[in-house]
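Once you've looked at the hints, dock chain B against the given chain A.
2 protein chains.
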Amino acid sequence: MEKATFRHVVLLRFRADASEQAKQALRDGLGALPSQIPELRSYRFGDDAGLAAGNFDFAIVADLDDEQAWRTYAGHPAHQAAIEQFIRPILEERVAVQYRLD
Amino acid sequence: MEKATFRHVVLLRFRADASEQAKQALRDGLGALPSQIPELRSYRFGDDAGLAAGNFDFAIVADLDDEQAWRTYAGHPAHQAAIEQFIRPILEERVAVQYRLD
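Sequences listed follow chains A and B, in order.
Numbered according to the working numbering, the first sequence spans residues 1 to 102.
Numbered according to the working numbering, the second sequence spans residues 1 to 102.
It is worth saying that the hints were derived from the structure and are not from the lab.
The list cannot tell twin chains apart, which means a pair is met if one copy fits it or any two copies do.
Calculated lysine to any residue pairs in the SDA-like style (CA-CA distance at most 20 Å, straight line):
hint: 1; residue 1: Lys3; residue 2: Gln68
hint: 2; residue 1: Lys23; residue 2: Asp102
hint: 3; residue 1: Lys3; residue 2: Gly46
hint: 4; residue 1: Lys23; residue 2: Ile83
hint: 5; residue 1: Lys3; residue 2: Ser42
hint: 6; residue 1: Lys23; residue 2: Asn55
hint: 7; residue 1: Lys23; residue 2: Arg100
hint: 8; residue 1: Lys3; residue 2: Arg44
hint: 9; residue 1: Lys23; residue 2: Ala81
hint: 10; residue 1: Lys3; residue 2: Arg41
hint: 11; residue 1: Lys23; residue 2: Gln80
hint: 12; residue 1: Lys23; residue 2: Glu84
hint: 13; residue 1: Lys23; residue 2: Leu101
hint: 14; residue 1: Lys3; residue 2: Tyr43
hint: 15; residue 1: Lys23; residue 2: Arg13
hint: 16; residue 1: Lys3; residue 2: Ala49
For reference, chain A alone in the conformation it holds in the complex (with noise of 0.2 Å):
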């Protein structure tokens, strides 16, 4: 299983005035989207623990085998329609780093 040699890690902060509301329907909307997009070994995301001051309020880790996987993951009609209905509404700031597991 552990073949994927790439990562895209995202971390997001949320406008405040997300609701708790807005907030569940992205934890639903990316938990749909392994079954959609097959390139995606591992989709691991989640809410910030609150443990550390100045923290973003939520991680998206996603393993693939390479970067054209990376590429039709990121491209991916499914994964599009997550960011316009359930990340871009709540969205406030966003940075991202892809990778190569060595």
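For chain B alone, coordinates are given in the frame of chain A:
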């Protein structure tokens, strides 16, 4: 091996004047941590692949058994030394999230 239930994610943006030598010292310094901090079940870090505009420069993802193991890692002298010696001198911006892997 998949008993880790807690993930620590850090994204870094380096100063524009950060040298390749300093970045390599950071990679080497982080690479030495797992042998010194047994709480690190998985420790995968690396440079941004340069595929997406606006990304940060570097990612660190640590998987640990639980919140307590994360606290041990966070406060470990070897980790603190790596922050002081290798991260702080070249750091422009840092964002982090800790979250539970359900």
